[in-house]
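Protein chains: 2
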Amino acid sequence: MNKNFTLKKTDSLSKARAGVLKTDHGEIQTPVFMPVGTQATVKTIDQRTLVELDAKIILGNTYHLYLRPGNDVMKHFGGLHKFMNWDRALLSDSGGYQVFSLKDNRRIDEGGVEFKSHIDGSKHYFSPENVIETQRILGSDIMMVLDECVPYPSEKKYTADSLKLSLKWAKECKDYWTEKGPMWGHNQMLFGIGQGGMFPDLRREYIKGMLDIGFDGYAIGGLSVGEPHDVMYDLTDVSTDMLPADQPRYLMGVGTPENILECIERGIDMFDCVMPTRNARNGQLFTTRGKINIRNKKYQFSDSVIDENIDSYASNNFSLGYLRHLIISKETLGISLASQHNIAFFLHLARTAREKILSGEFTTWKKDFLEKYLNI
Amino acid sequence: MNKNFTLKKTDSLSKARAGVLKTDHGEIQTPVFMPVGTQATVKTIDQRTLVELDAKIILGNTYHLYLRPGNDVMKHFGGLHKFMNWDRALLSDSGGYQVFSLKDNRRIDEGGVEFKSHIDGSKHYFSPENVIETQRILGSDIMMVLDECVPYPSEKKYTADSLKLSLKWAKECKDYWTEKGPMWGHNQMLFGIGQGGMFPDLRREYIKGMLDIGFDGYAIGGLSVGEPHDVMYDLTDVSTDMLPADQPRYLMGVGTPENILECIERGIDMFDCVMPTRNARNGQLFTTRGKINIRNKKYQFSDSVIDENIDSYASNNFSLGYLRHLIISKETLGISLASQHNIAFFLHLARTAREKILSGEFTTWKKDFLEKYLNI
Chain A
2 MNKNFTLKKT DSLSKARAGV LKTDHGEIQT PVFMPVGTQA TVKTIDQRTL VELDAKIILG
62 NTYHLYLRPG NDVMKHFGGL HKFMNWDRAL LSDSGGYQVF SLKDNRRIDE GGVEFKSHID
122 GSKHYFSPEN VIETQRILGS DIMMVLDECV PYPSEKKYTA DSLKLSLKWA KECKDYWTEK
182 GPMWGHNQML FGIGQGGMFP DLRREYIKGM LDIGFDGYAI GGLSVGEPHD VMYDLTDVST
242 DMLPADQPRY LMGVGTPENI LECIERGIDM FDCVMPTRNA RNGQLFTTRG KINIRNKKYQ
302 FSDSVIDENI DSYASNNFSL GYLRHLIISK ETLGISLASQ HNIAFFLHLA RTAREKILSG
362 EFTTWKKDFL EKYLNI
Chain B
2 MNKNFTLKKT DSLSKARAGV LKTDHGEIQT PVFMPVGTQA TVKTIDQRTL VELDAKIILG
62 NTYHLYLRPG NDVMKHFGGL HKFMNWDRAL LSDSGGYQVF SLKDNRRIDE GGVEFKSHID
122 GSKHYFSPEN VIETQRILGS DIMMVLDECV PYPSEKKYTA DSLKLSLKWA KECKDYWTEK
182 GPMWGHNQML FGIGQGGMFP DLRREYIKGM LDIGFDGYAI GGLSVGEPHD VMYDLTDVST
242 DMLPADQPRY LMGVGTPENI LECIERGIDM FDCVMPTRNA RNGQLFTTRG KINIRNKKYQ
302 FSDSVIDENI DSYASNNFSL GYLRHLIISK ETLGISLASQ HNIAFFLHLA RTAREKILSG
362 EFTTWKKDFL EKYLNI
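Going down the list, the sequences are from chains A and B.
When the first sequence is numbered by my numbering, its final residue is 377 and no position is left out of the sequence of numbers.
When the second sequence is numbered by my numbering, its final residue is 377 and no position is left out of the sequence of numbers.
No wet-lab data here; the hints were simulated from the structure.
Values in this document were obtained by computation on a predicted structure and should not be read as measured data.
A few of these clues could be false.
No distinction is drawn between identical chains; accordingly, a pair holds when it is met within one copy or between any pair of copies.
[Stated by the list, open to error] Keeping only pairs whose Cα atoms sit at most 16 angstroms apart, straight-line, the calculated EDC-like set for lysine to aspartate or glutamate is:
#  : residue 1 : residue 2
1  : K9        : E356
2  : K298      : D73
3  : K76       : D304
4  : K76       : D105
5  : K165      : D202
6  : K331      : D121
7  : K331      : D242
8  : K157      : E206
9  : K172      : D73
10 : K331      : D162
11 : K299      : D73
12 : K331      : E115
13 : K23       : D247
14 : K158      : E309
15 : K373      : D247
16 : K124      : D105
17 : K83       : D304
18 : K9        : E28
19 : K299      : E134
20 : K10       : D369
21 : K117      : D176
22 : K172      : D213
23 : K373      : E309
24 : K165      : E111
Please construct the entire structure, taking both the sequences and the accompanying hints into account.
So, in structure tokens, the structure goes:
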């Protein structure tokens, strides 16, 4: 029983669920898409626009924020909410994902991982205890345990050894957190992460280990790392089959609109991905009629707005011709409008999925939506 | 007598004036600062934020917009207002300034100037007729004549020869405009430009020539090009002494806050400058306490907002510490907030000057303002 999470409805034709996750910075209706604000900003979008788009929760990256502005600055300002003037919910990762992706610049041992900063090459060490300490300073409403996201592909032996270490770290994270508690007077939740590479049995073992320790919610990590989509979907299925119904479930770093809908269908509640903002920088727009690249010459004279089905300033107030001009001319406003629209699209996707779960139409809606989206 | 311009008050202690310039896209209270939107965007700031900051008029650059998106696209969209979704006033320059600054990539003759595009090296030709034609297509509320902005420093002989050619072009611009009239159903005004380098007698001769042709307003060009500030102020004085009281006066490309106040005092009504947005990109903020560079380490722990005396979202909602973090981390939001604040500051400056002219306190206010601004 999780006092912060209430399951409102489970779809009769699938594992899709609608719920509410309570934080001290507002309620989050699930399924939810969480925009990524790596360095204390969702790239190119200001905070009042995020509120207008009705993002209920955004992410901060512990690795980046630990290096810059650093824990001393973050502590001085009273945590990430105050630092960036954001009074809605925040989720922070543990920093592990970024550190492990530094491949040649990190060294793992029993106690944690040593790494070199990508900014100035300085040496640092992440341990279960200090990544929780950093997240206490951030004051994120949802914190994540330190774990190793094994590379894809990895041998079973490597993945199994990693499992043992990550479970040990997860326990140490929980112990440190239990001892210390929150820093800023508001509640913080701690989520466990199930890894296990591409091995269903290891995925199950991992989740069992996490459930034994006991967390406020459970994430699935190490997917969407290059494996075929069907494998991702199957392993998500394996994972949600084991996860208790009354706990929130978070699929980390996923993904495309179709990934998100498929995984909502498999019982996932929470998603995050850099795709809306990263792809906007290359001129890619997600629309209800499918993906388009605004750099394409065919949009030069287009009077159409980006997407009349999406309710946002960026989506409805500018022609594709104008947006193309801005992006071709390397104007920041173009990237910002594209980012705002893409974020609006992903939020709309999860929000509509929830409405359709509640109204009992999820499966038909999903089919219709994907037909329009994929058949451009 | 200019039906579009009404002089409301002239200061009793100086030549400072408060007026109203009527356009078909709204009234402009003068003195006014006009943000520069070179490529159909005031860099990093969206249109609704410009409305919120209460910019009454912004600039577009004919050279840039002619090359990209090009006249065919602009015509398709029904002009610049519709293209960029901006229903307030617009001013376009003639493109001459940018073309003449291409030094090695332009060749001047009696009929106009041939130049190579900075984008793809393609050859183009600007004539008095076709720069007016481009500005008809843009549909700018205020158009400028083609002229040569002589380099600084220039010989008197060169400047005098340039004068003759520019006056010829100005007459040709006016004739073409008189024949053609507006393209989109709303009124467009055509302003003449007084050049004359650093020579008071040539400045006078130039303005006399412009007045003989007769325009809807008069600009002073070719200042703030490297000359000492006192020379700029003196030549502005020489120019405004000759200009009729019932015509709007525009000092092109000027300038710093102190330049603007000094030239308001000398009877200028309109200003534009890229400084607020360009300097924001380097971390420079204009505040009522003076200029600061937000990259300075001393702002790392600063809880102060940018400027509590300036009423804008960017000025009042974020700490200097957060803004510094964004700029140091190369986050676009930092540049956008700094740009928004700087534009708000320049708009505030001209707006307050107007209030003080109307209340008869301009001279004392200007002294107080500059003392606080310069003595940081």
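Outcome of the hint check:
no., hint, result
1, K9 with E356, "within (11 angstroms within a copy, 58 angstroms between copies)"
2, K298 with D73, "between (49 angstroms within a copy, 14 angstroms between copies)"
3, K76 with D304, "between (49 angstroms within a copy, 12 angstroms between copies)"
4, K76 with D105, "neither (31 angstroms within a copy, 55 angstroms between copies)"
5, K165 with D202, "within (14 angstroms within a copy, 87 angstroms between copies)"
6, K331 with D121, "between (28 angstroms within a copy, 15 angstroms between copies)"
7, K331 with D242, "neither (47 angstroms within a copy, 43 angstroms between copies)"
8, K157 with E206, "within (13 angstroms within a copy, 87 angstroms between copies)"
9, K172 with D73, "neither (27 angstroms within a copy, 65 angstroms between copies)"
10, K331 with D162, "neither (47 angstroms within a copy, 39 angstroms between copies)"
11, K299 with D73, "between (51 angstroms within a copy, 14 angstroms between copies)"
12, K331 with E115, "neither (38 angstroms within a copy, 26 angstroms between copies)"
13, K23 with D247, "within (13 angstroms within a copy, 64 angstroms between copies)"
14, K158 with E309, "neither (51 angstroms within a copy, 60 angstroms between copies)"
15, K373 with D247, "neither (33 angstroms within a copy, 61 angstroms between copies)"
16, K124 with D105, "within (13 angstroms within a copy, 50 angstroms between copies)"
17, K83 with D304, "between (41 angstroms within a copy, 10 angstroms between copies)"
18, K9 with E28, "within (13 angstroms within a copy, 55 angstroms between copies)"
19, K299 with E134, "neither (52 angstroms within a copy, 26 angstroms between copies)"
20, K10 with D369, "neither (22 angstroms within a copy, 65 angstroms between copies)"
21, K117 with D176, "neither (27 angstroms within a copy, 68 angstroms between copies)"
22, K172 with D213, "within (10 angstroms within a copy, 87 angstroms between copies)"
23, K373 with E309, "within (14 angstroms within a copy, 49 angstroms between copies)"
24, K165 with E111, "within (10 angstroms within a copy, 83 angstroms between copies)"
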